[in-house]
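Student: Sequence:
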Amino acid sequence: VSFQASIYGFLNACRPLLGLDRTVLKSKYLGTLLFATGFDGDGALFPLAFGVVDEENDDNWMWFLSELHNLLEINTENMPRLTILSDRQKSIVDGVEANFPTAFHGFCMRHLSDSFRKEFNNTILVNLLWEAANALTVIEFEAKILEIEEISQEAAYWIRRIPPRVWATAYFEGTRFGHLTANIVESLNAWILEASGLPIIQMMESIRRQLMTWFNERRETSMQWSSILVPSAERHVSDALERARSYQVLRANEAEFEVISHEGTNIVDIRNRCCLCRGWQLYGLPCAHAVAALLSCRQNVHRFTESCFTLATYRKAYSQTIHPVPDKTLWKEMSEGSQNSEAIVVAEVIINPPKSLRPPGRPRKRRVRAEDRGRVKRVVHCSRCNQTGHFRTTCSAPI
1 VSFQASIYGF
11 LNACRPLLGL
21 DRTVLKSKYL
31 GTLLFATGFD
41 GDGALFPLAF
51 GVVDEENDDN
61 WMWFLSELHN
71 LLEINTENMP
81 RLTILSDRQK
91 SIVDGVEANF
101 PTAFHGFCMR
111 HLSDSFRKEF
121 NNTILVNLLW
131 EAANALTVIE
141 FEAKILEIEE
151 ISQEAAYWIR
161 RIPPRVWATA
171 YFEGTRFGHL
181 TANIVESLNA
191 WILEASGLPI
201 IQMMESIRRQ
211 LMTWFNERRE
221 TSMQWSSILV
231 PSAERHVSDA
241 LERARSYQVL
251 RANEAEFEVI
261 SHEGTNIVDI
271 RNRCCLCRGW
281 QLYGLPCAHA
291 VAALLSCRQN
301 VHRFTESCFT
311 LATYRKAYSQ
321 TIHPVPDKTL
331 WKEMSEGSQN
341 SEAIVVAEVI
351 INPPKSLRPP
361 GRPRKRRVRA
371 EDRGRVKRVV
381 HCSRCNQTGH
391 FRTTCSAPI
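Just so you know, we're using the UniProt record's numbering here: the sequence shown kicks off at 1 and counts up by one.
Think of the hints as simulated: they come from the structure by calculation, not from any bench.
Just to be clear, a hint being listed does not mean it is correct.
[What the hints assert, rightly or not] Label-pair distances were calculated between CB atoms; the ranges are: (1) V325 / R235: 16 to 26 angstroms; (2) F391 / K28: 43 to 53 angstroms; (3) R110 / R235: 18 to 28 angstroms; (4) E256 / D59: 50 to 60 angstroms; (5) L30 / W191: 52 to 62 angstroms; (6) Q4 / E150: 46 to 56 angstroms; (7) A255 / V325: 52 to 62 angstroms; (8) I74 / E263: 19 to 29 angstroms; (9) R235 / A143: 46 to 56 angstroms.
We put the CB at the ideal spot given by N, CA and C, even for glycine.
All chains, please: the whole structure from these sequences, using the hints.
Tutor: This is how it looks when you write it as structure tokens:
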């Protein structure tokens, strides 16, 4: 299930970032709920699609991601190059490679951190692992790994066995916008777990109602904002402005700048929107070095942010409505009335069900073959009385 309002908002206004997760259903019929969610410009979860399957396996993830790709592809002429976050289990990896071959697929740090903690149970090592994951440059990353190695060579070896390109910010080729985890279940814990205990139809209705409420609340809240950027982006820029005041800026040409601070020297290119610290590229917002360079040439800092962080784009994400659904007793009456209303052109998308592991109906009994009917049974003998039809242990003949 995916609503048109969610698809439109994700493709036209959200960050090109997608998280994949699942939760086991608690209803009478059990099963698993698979879901994909994006992130709006303010960093909040933007639920995109849900699917109910009998269990989590290769075929079901392949089905879910295939249908998700079809939904996105039919609603846009230019599919964005996505960054996808998951726990990178084989089922999801294969599904992403088959359906989103150009996407950057990153490891959820929460799963990696939990595995690391179970193996070594050392808070200092776990904190260093997170610092390594957050490091923006290769030099900073390697410095953290060396700190881990000084404490435990075994822990450093454990980390190096996992390619850093799938979990470390310094090596990851996609743009995660600072999101290192994809634990959507934990973030949606307040209502997704409550809904997971309902029968499937009621669960999907509960999810629809929650999304309908979210869209309306966030739409109304954004109308009260008056800044150019969403609040989280405004705070980022304000902090960068404060730090940039103490930086010295030297201009090389119309685009390149050398920015000197107590931390060192960084090169900023405002034409390509990049800084040697990589903060601008990785977060989509000017870092303090970039802000210093932009201010030195009297540029508007807000014009150099990614469009998904602007207030106008945020409002666009929630501009469409997830409509209320009447009681099912009124469906026939309303469908007949809608035939006379103005026609609405909607792209038809056929969503196929997942592969069934068991065909419907009563299982067929195994047919007894003709040759089995004429087969002679083995005759057993008793070693005590030499009679047929029983064994020594069950013999009751007098001796």
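Student: Against each hint, give a clear statement of whether it holds in the structure.
Tutor: Outcome of the hint check:
Checked against the given bound of 16 to 26 angstroms, the beta carbons of V325 and R235, roughly 38 angstroms apart, lie outside it. Against the hinted window of 43 to 53 angstroms, the Cβ-Cβ separation of F391 and K28 comes to about 48 angstroms, which satisfies the hint. For the hinted restraint 18 to 28 angstroms between R110 and R235, the CB-CB distance of approximately 24 angstroms keeps it satisfied. At about 52 angstroms, the beta-carbon gap between E256 and D59 stays in the expected band of 50 to 60 angstroms.
As the Cβ distance of L30 to W191 is approximately 20 angstroms, the hint placing it in 52 to 62 angstroms is violated. Hint check: Q4 to E150, Cβ distance near 54 angstroms, so the stated range 46 to 56 angstroms holds. Evaluation of the 52 to 62 angstroms hint for A255 and V325 yields a pass: the beta carbon distance comes to about 53 angstroms. Separation of I74 from E263 is about 48 angstroms and departs from the stated range, judged on CB atoms against 19 to 29 angstroms.
For the pair R235 and A143, the supplied restraint of 46 to 56 angstroms is violated, since their beta-carbon distance comes to about 28 angstroms.
Checked against the numbered hints given earlier, the structure breaks hints 1, 5, 8 and 9 and satisfies all the rest.
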